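First to last, the protein sequences are chains A and B.
Anchor point for the first sequence: position 138 equals 137 in numbering that gives the first Met the number 0, and the numbering is continuous, going up by one each time.
Anchor point for the second sequence: position 66 equals 65 in numbering that gives the first Met the number 0, and the numbering is continuous, going up by one each time.
These aren't lab readings, by the way, just hints derived from the structure by calculation.
Just so you know, these numbers come straight off a predicted model, no measurement behind them.
Be aware that a few hints might be false.
[Claimed, not checked] So the derived list for chain A, only partly shown, Cβ under 8 Å to chain B, looks like this:
| hint | residue |
| --- | --- |
| 1 | Leu27 |
| 2 | Leu28 |
| 3 | Pro100 |
| 4 | Leu141 |
| 5 | Met142 |
| 6 | Leu153 |
| 7 | Val217 |
| 8 | Gln227 |
| 9 | Val284 |
| 10 | Ala300 |
The beta-carbon is built from N, C-alpha and C at its ideal position, and this holds for glycine as well.
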Amino acid sequence: MNRALRLLRRRAIGSIPVLLIVVVLTFLLLEAAAGDAVDAYLLSIGGGDAAIAQSLRAAYGLDQSMPARLWVYLSSLGRLDLGWSVAFDRPVRDLILERLPNTFLLMGSATALSFAVGSALGIVAGAKPGSARDRVLSTLSLMLYAIPGFWLGLVLSIVFAVQLRWLPTSGIETIASGRTGLSRAADIAAHLVLPVATLALVYMALFLRVMRAGMADVWRLDFVLFAQSKGLSRARIVLRHVARNALLPLVTMLGLQSAAMLGGSVVIESIFAIPGFGRLAQEAVSGRDTALLTGIIVTSAVLVILVNLVIDIVYAALDPRVGASERGA
Amino acid sequence: MRVVRNLLATPEGMIGFVLIAVLALVALFAPALSPGDPLRIAGRALTAPFTDPAFPLGTDRLGRDVLAGIVHGARTSLLLGLAAACAAPALRLCVGLAAGVSGGGGAPGRVGAGRALPTLPPFLLALAFDSVAGPSVPVVVLAIALGAWADPARLTRAQVLSVRERDYVASARVIGMHPAEIALREILPNVLPPVLALSAIIVAAAILTEAALSFLGLGDPNVVTWGSMIAEGRNVLRSSPFLSVFPGIALVVTVIAVYLLSEGLGKALSDREGAA
Chain A
0 MNRALRLLRR
10 RAIGSIPVLL
20 IVVVLTFLLL
30 EAAAGDAVDA
40 YLLSIGGGDA
50 AIAQSLRAAY
60 GLDQSMPARL
70 WVYLSSLGRL
80 DLGWSVAFDR
90 PVRDLILERL
100 PNTFLLMGSA
110 TALSFAVGSA
120 LGIVAGAKPG
130 SARDRVLSTL
140 SLMLYAIPGF
150 WLGLVLSIVF
160 AVQLRWLPTS
170 GIETIASGRT
180 GLSRAADIAA
190 HLVLPVATLA
200 LVYMALFLRV
210 MRAGMADVWR
220 LDFVLFAQSK
230 GLSRARIVLR
240 HVARNALLPL
250 VTMLGLQSAA
260 MLGGSVVIES
270 IFAIPGFGRL
280 AQEAVSGRDT
290 ALLTGIIVTS
300 AVLVILVNLV
310 IDIVYAALDP
320 RVGASERGA
Chain B
0 MRVVRNLLAT
10 PEGMIGFVLI
20 AVLALVALFA
30 PALSPGDPLR
40 IAGRALTAPF
50 TDPAFPLGTD
60 RLGRDVLAGI
70 VHGARTSLLL
80 GLAAACAAPA
90 LRLCVGLAAG
100 VSGGGGAPGR
110 VGAGRALPTL
120 PPFLLALAFD
130 SVAGPSVPVV
140 VLAIALGAWA
150 DPARLTRAQV
160 LSVRERDYVA
170 SARVIGMHPA
180 EIALREILPN
190 VLPPVLALSA
200 IIVAAAILTE
210 AALSFLGLGD
220 PNVVTWGSMI
230 AEGRNVLRSS
240 PFLSVFPGIA
250 LVVTVIAVYL
260 LSEGLGKALS
270 DREGAA
């Protein structure tokens, strides 16, 4: 436990410069964009003269020099203030906090579902590498993994929402339905079935493949032979010895996927019109809203760092070799 | 040569190789297979597929030939996938190695730089980069390469983290090997195979990312891509789902082919190791 705590402290301290780098890099990258939020705004209202543009820029602080704005941004970040969204005319932090729960709900359900089903199927396939069962599952997962998420989402919504009319096509809940409590929860759940299924199917295939590959590697190791020669039951060898050791790459993959899944939410949320974090990113891009996009990227970096902190702890708990040679920072 | 023979001996490698070869030929000879601009209006709008011999796969809302779009789209997808995957693999490997090896004693800043990029969601990064530099083919390639960087760097680091605690690394340290020598001669060979297998997956991921970017309308508007065709078909999804389905199938087949080839390659490589 001491080892895990030391690792946690070292990682947490190491995250601060990482975040700073992310903020500065994002700021500089988006600084290079042609046109700003005021241009996009004027375009959307049908144009305006130079005086209006100038007064708007002064009001939003866009007329100051780049280093000055970077400094203002960094110091307000210290107060957890992410700036002002010109496109929505609201504080960026409020917008992000408003959208995050929807994305957490979507991502959390999809990750939990795909991790559970994917690793279970991976154990089934990896229990006997090369068997017919293994080959069928591996082929299916390969095909599933090759399907682009947004296309799968479209096809699922054609079949289940448009043709069969079993499920709603888009949104997070029925608009102005006045539902409360359980009936509202059921309504949200019905809206989430298709997007969660889309994401979960793609990631399930990934977890299945990683689990199976990990198990196939572990079967070749000496301790498995030793366990077999001890006369342990097959189920015990598969679960206690092989599957447990194959969990390591799977846990790494879960950490990696946290970033990819946040990114993947952009497309899925845009297909199913879910007002979430990813859709906000797309809206920020189309509104040329630099402050909002920076806020989104910084927030997602924080989320990914938090997930990976947890993953590192789990990893250290599972594999005694990790962190063994680290002296306290 | 033996690797190639081994590759073709596995069913995965054989199917993957044939599919990729066919796709590459289609991409190479796209101008001959369907001459003219695939974005031009060729016939009546929304012709259903398999009804008009002039347009076997039908036409879209503006009367553009779907088959021509798919044939020319193969060009964009394969080219982008390869270019993005070639853009920075060596650099990635180096950063992953450096971050893993220096993890303990290195300055936080150095570790930080290696860890900053992997914390950014690849697709968001691609989205931001694309929105800054404007949609064009080289920008999309760079955006994807920037985004695709994170996975292998992190995986390499995780592999290194595990490998560097093994006994032979400790032994190498005891006999006074230079850290750089340990990284290159002891750790790299043990980390390379999974990373190699992953690079094929990057090609596939790049193809999928490009499709998703075009789907969101952030691709190069002057080039046909399968992603933009799917997005275009989405407008008439209820009446003519085929417009989105056909390019989607092309995408899936391409990505499966790349995966199969990578599986076969993995098998061929491990056979060679077994024989040596």
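Checklist entry - When the hints from earlier in the document are held up against this structure, which numbers fail? => result 1, 3, 7, 8
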